[in-house]
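Participant: Each protein sequence line maps, in turn, to chains A, B and C.
Those letters in the first sequence? Residues 1 to 115, by the numbering used here.
Those letters in the second sequence? Residues 1001 to 1824, by the numbering used here.
Those letters in the third sequence? Residues 2001 to 2274, by the numbering used here.
The hints are simulated quantities; they were obtained by calculation from the structure and are not laboratory data.
Some hints here could point you the wrong way.
Claimed, not checked - Under 7 Å between C-beta atoms, here's a sample of chain A residues computed to sit facing chain B:
1) GLU30
2) LEU31
3) ASP93
As the list claims (entries may be wrong) - If you anchor each label on the Cβ, the simulated ranges turn out as follows:
4) B:ARG1807 - A:ASP65: 24 to 32 Å
5) B:GLU1138 - C:ARG2238: 28 to 36 Å
6) A:ASP65 - B:VAL1805: 32 to 40 Å
7) B:THR1130 - C:ARG2071: 36 to 44 Å
8) C:ARG2071 - B:GLU1381: 31 to 39 Å
9) B:GLU1138 - C:ASP2118: 52 to 60 Å
10) B:ASP1802 - A:GLY52: 32 to 40 Å
11) B:VAL1804 - A:ASP65: 26 to 34 Å
12) B:GLY1629 - A:GLY10: 29 to 37 Å
As the list claims (entries may be wrong) - Chain C regions said to be covered by chain B (calculated; three or more residues, Cβ under 8 Å):
13) 2039–2049
14) 2065–2078
15) 2108–2115
16) 2253–2261
The structure presented is a predicted model; accordingly, all values stated were derived computationally and were not measured.
Cβ atoms here follow ideal geometry from the backbone N, Cα and C, with glycine treated the same way.
Spelled out, the chains give:
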Amino acid sequence: MTAANRVTVGSERSCEVVRLRGDVDHGNAELVERDVLTATRAAVGVVIDLTGVTFLDSAGLRCLDRLVTAFLNRQAPVLVVAPDGGVVRFTLDLIGFLPDLVVGTVDEALTQLTA
Amino acid sequence: MAEPPPPTESFVPLLEESAEDLYEGAPCGYLSVLPDGTVARVNQTLLDWTGYQRADLLGRRVQSFYTIGSRIFHETHLGPLLHMQGEVRGVAIEFRRADGSRLDTLVNAVLRQNPGTGSSVLRMTVFDATDRRSYERELLDERRRAERNAARIRVLQDMVARCASIDRAVDIVAPIVAAGTAAFEASTTVVRLLDPEESVLTVAGPGAPATASILLADPVAEAHAVRVGDVVVPEPTPADVRAVTPLVVDDRVLGTVSFGFPPGRRIAADEVELMRTVGRQAGQALERVRLHEETARRAWQSAFLARLSRDLDEAVGSADRARRLVNLLVPELAEYAQVEMVREEQTGWLSASVPDARGATDSADEVIACGLRGTWPTREEVVATVRAAARSGQVATVPAAPHGRRGLVLPLRARSAAIGTLLLVGEAAERSRVDQDFLLDLADRAGLALDNARLAEQDREIARTLQRSLLVTERPTDSRFHVATVYRPAVETLEVGGDWYDAFTTSTGSVGVVVGDVVGRGIRAASAMGQLRSAVRALAKAQCSPATVLKHMDDFVATLEVGQMTTLAYAELALDTGMLRYACAGHPPPLLLPPDAAPRFLWEGRSGPLGTHTASRARREAELTVPRGSRLLLYTDGLVERRGERIDQGLDRLADAVEVHRKSPLAALAEQLSDAMLDSEGGHDDTCLLALAFAGAPLFRAAVPARMSRLRPLRAELHEWLAGHQVPESERYGIVLACSEAVANAIEHGYQGDPSAVVSVTVTIDGGFLDLRVSDTGRWRAPMASADRGRGMALMGRVMDDLVVDRGAGTNVLMRRELRGTGR
Amino acid sequence: MPRVVSPSVSAVIRNNVTVTGRDTGPALVFAHGFGCDQHMWRLVTPRFTDDYKVVLFDHVGCGRSDLSAYRPQRYASLQGYADDVLEILAELDLWDVVFVGHSVSAMIGVIAAAAEPDRFSRLVLVGPSPRYIDEDGYRGGFTRADIDELLESLDSNYLGWSAAMAPVIMGNPDRPELGTELTNSFCQADPAIARRFAQVTFLSDNRADLPKVTMPSLILQCSDDVIAPYEVGEYVHRNLPGSSLVLLKATGHCPNLSAPDETAAAIDAFLSND
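Generate the whole structure from the sequences, applying the supplied hints.
Facilitator: Shown next, in the form of structure tokens:
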């Protein structure tokens, strides 16, 4: 999977929506982090949509960690979308990762960010 | 001897005679005739005897007073003799008297030359020979009769003797012809034999003209002789002098003998009598020969039919029987034979022929048409005739057989139906012994034999199809066990037996295996087997325990009245625990082959066959835990029973054979055991063998190059393996995640990115536990970013129940998880 | 049609053939008729022995022929006798013979000459009759009943002959008491064969053979011949191509005996008439 396919960024309701696909693991987490950071612009908020992610390991978690930190540093509120029962949610729940930033759908995330 | 005394004078007066009186009144006739026969002088005595006046005779030829026979005799014999020797004596001459009656005489004649004139005169003395001649005639007749009788007796004796030594009817001809020549000097003698059914007289014997058959209605002497049963002598014509005698026995006419003669030949009454005798004698001989032939023919026919039935019985299957049939018929009964059988189920034809007409084609029509080296003059009509005969079940004559041979289509019938045809072409080697009745009898027997074979084939085919459909059903696929089966039908019979095997998964994560043996053979046994098999399957899937399965089967058998005395062994293996529960209903014990121990028979859980009262009250079962890698054999008694051997010896042989082949893969083991157990015997019973392998602990092994890019393929491979080992979807992701984390750790911290290094991954599932081991041989470096590192370990720890990191020469990460989904 | 002479049977011996006369002369073959043997020609042949090779023979069953050679089937028709003639000619290697046949032998000559014309130059038929029995449109001189009477007559003379023949047949002709009985010593015949010969002779119908003859022929017809009446001689003349008919003064059926000079002269005239 190419980087372009792996990461797409779009704007919705003044927010940047970053969509990740495929596996995010030790093999590509740093590339994903870089691609996301270079592709996003300043915005009201950032939604990191992990609905399309099929695997997420500890490197993936670290990647998310750093992206959230980076966007927060840019003054952009961030929310992570991971569907309930999905594999990403499983990993996140296993660690108890950023429970306040995780929502189930992009729509929900945009609503929260633009409220 | 003294001289008689001279006559004395004293006698003379008593004998007052003149020369004139001596001439005229002599006690014999005197005639003087000229050389051409003109009567010159005649005495009174002859006149008195003949009743003529002197004037009647004088000046006329003496021959004209003879009968014509004597006249010819005079001209041809008497005259020449007189010319040559001057006198004749004792010649018989018949005078015709004035009243037309005949006077038999003996004549002496002497020719006297008149020395003076040179003319000559013939003096004749005529003696009345009436009495002598009648006596002579009697003598002559007697002699002739005696001669003829002697000749006839010789001829008849010769003929009878020759007839007695023949043993074919046609050989009667030569003695009759010989008799015709010897007894009657017949110029032709023709023997005709009567065909009573056709009312035809046919010329018999070698070189008989084919055209000379006579119908009994024909207006000829032969037909007439048959009708009247006696000798017939038709009015002779210049071209045809003939007599016909019938060949008669007990007033039955068997034929005729025609004697032909040269023109003018007269046939005497005694010859007619002799012909009659010839006809009777020859008729009796013919009858005897025919009886002999008939006896021989019937003996031959019944022997042939017996041989036919026996030989056909030996052949199995209608095709084999058809082939054998035509081979039996050629050349004894025909030059070419062909069997055609209607095969309803295939709407086709079975065909067999001798000589083998099968060339490039297998089409029955083509085979018919190719008969006798492809030389049918009218192929389509021949095929049509055969087809018509097959439909109608009637005898048919082939329109035109090749090379002028005759062809006959006989219907093959069985059970009031026409099932095919038998085509016979050409003369039989045993021609004289074959008639249509016999052929019809033969065709009926053949038809029945072929039909029996066909029915048996149908039954067998149905039973086999049924059996096959029952035995070859879905085979459960599961990596935790394997099943291999062998079914060997008995060699000595083609009827299918009632043995069966079955293997299926039950809903409780177990596999059930069963081997059963229904009493009996054939289609009933096969269908009973089908029902029992389905019943066992249904009961097992309803999670009945083995003993319960048997109890219900008892009810089933009792209710449906099928499969009484069926024996079966049923075993159920829990695939996660190795718990084996089994029960045997009168069946040989299962054989367990543990991976590291000697084979042993499972003698527990035994009770009687299905449907037996005592057994059904005490169905038992047994259980034990078998280690992974164990194999279990279920089989029918055919495998271990051998004539003259106790059952325990058979079981010992089986155990030995299993020990020998224990290393073989499962399918090979099943075949090898069957071969080993049945080799010397060939199997007099069906044999059924089912081998179940309880797989060893499942093992996942991977050697992963130390590159992060290889994590993804590893995860996919492991994920698939877990799915294959029934690890539930919900648990698979976590296990894959833990594995992936551990491998990533090894790459990152053990090898520090050395791309040539390898991380080994081993996963096993056993007894409901999953063990995961990830090993590297690198030197462990303390993680630089302890937060990340901690998160990986945390993930592993959260997913798995146990986590052990062992560092030595390399690092081993050992993790275990109790599988929730597959447990009970 | 050439005939094969069986080497085992000599026709010359079988038929008691005698050859006299001039050895280099043309052959003159005399055949006797029914009732006698070759002796009946003895008064005729002296006339020809100076110029001709004279061949005489007895039919099988007559005279001194080989009686054992008699086969009823072979001699059931005149063809068998004609075959004998041809075999004699073949064995003697005779060609262009003059065949003189008396009575039934006239017809035997006709049959033989028709079969092998090269063997014959001329035929002399003495008292010939192609058919003895009357038929519609044909007069042969006899009825069937007449012939039966003849056979009976032959039978009547059978016993006497047998007695006469007995010593000859028995092979002891030296017994004087029997020898004296040998009165009718000429024209001997086996009675049974004679009877059959009579049947064959008088029941034959050889009219169809007459036109087959191709060589010149002479018919000698006796006056007042009860066996072969004049009409019969006429008939033969009409139907025999190239024939001439001479009516002899001689009466009866045996001019060769009763009028040998006249007979011989007629034959001589015929032979001289080239």
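Participant: Confirm or reject each hint.
Facilitator: Comparing the hints with the structure gives:
1. Evaluation of the A:GLU30 hint against chain B yields a violated restraint, the C-beta minimum of about 10 Å exceeding 7 Å.
2. Evaluation of the A:LEU31 hint against chain B yields a violated restraint, the C-beta minimum of about 11 Å exceeding 7 Å.
3. Interface restraint check: A:ASP93 against chain B, minimum CB-CB distance 9 Å, threshold 7 Å, status violated.
4. At about 28 Å, the beta-carbon gap between B:ARG1807 and A:ASP65 stays in the expected band of 24 to 32 Å.
5. For B:GLU1138 and C:ARG2238, the Cβ-Cβ distance of about 47 Å falls outside the hinted range of 28 to 36 Å, so the restraint is violated.
6. As the Cβ distance of A:ASP65 to B:VAL1805 is approximately 24 Å, the hint placing it in 32 to 40 Å is violated.
7. Roughly 38 Å separates the CB atoms of B:THR1130 and C:ARG2071, a value that falls within the hinted 36 to 44 Å.
8. At about 56 Å, the beta-carbon gap between C:ARG2071 and B:GLU1381 misses the expected band of 31 to 39 Å.
9. The hinted window of 52 to 60 Å between B:GLU1138 and C:ASP2118 holds, with their beta carbons roughly 53 Å apart.
10. With their beta carbons about 34 Å apart, B:ASP1802 and A:GLY52 fall inside the hinted range of 32 to 40 Å.
11. At roughly 28 Å, the beta carbons of B:VAL1804 and A:ASP65 sit within the given window of 26 to 34 Å.
12. Hint check: B:GLY1629 to A:GLY10, Cβ distance near 57 Å, so the stated range 29 to 37 Å is violated.
13. For the region 2039–2049 of chain C, the stated coverage by chain B is satisfied: 4 residues place a CB nearer than 8 Å to a CB of that chain, which reaches the threshold of 3.
14. Counting residues of the region 2065–2078 of chain C whose C-beta lies closer than 8 Å to any C-beta of chain B gives 4; at least three are required, and the coverage claim holds.
15. Look at the region 2108–2115 of chain C against chain B: 0 of its residues bring a Cβ nearer than 8 Å to a Cβ of that chain, fewer than three, so the hint is violated.
16. Note: the region 2253–2261 of chain C has 4 residues with beta-carbon separation from chain B under 8 Å; the three-residue rule is met and the coverage holds.
Hint violations for this structure: numbers 1, 2, 3, 5, 6, 8, 12 and 15, all remaining hints satisfied.
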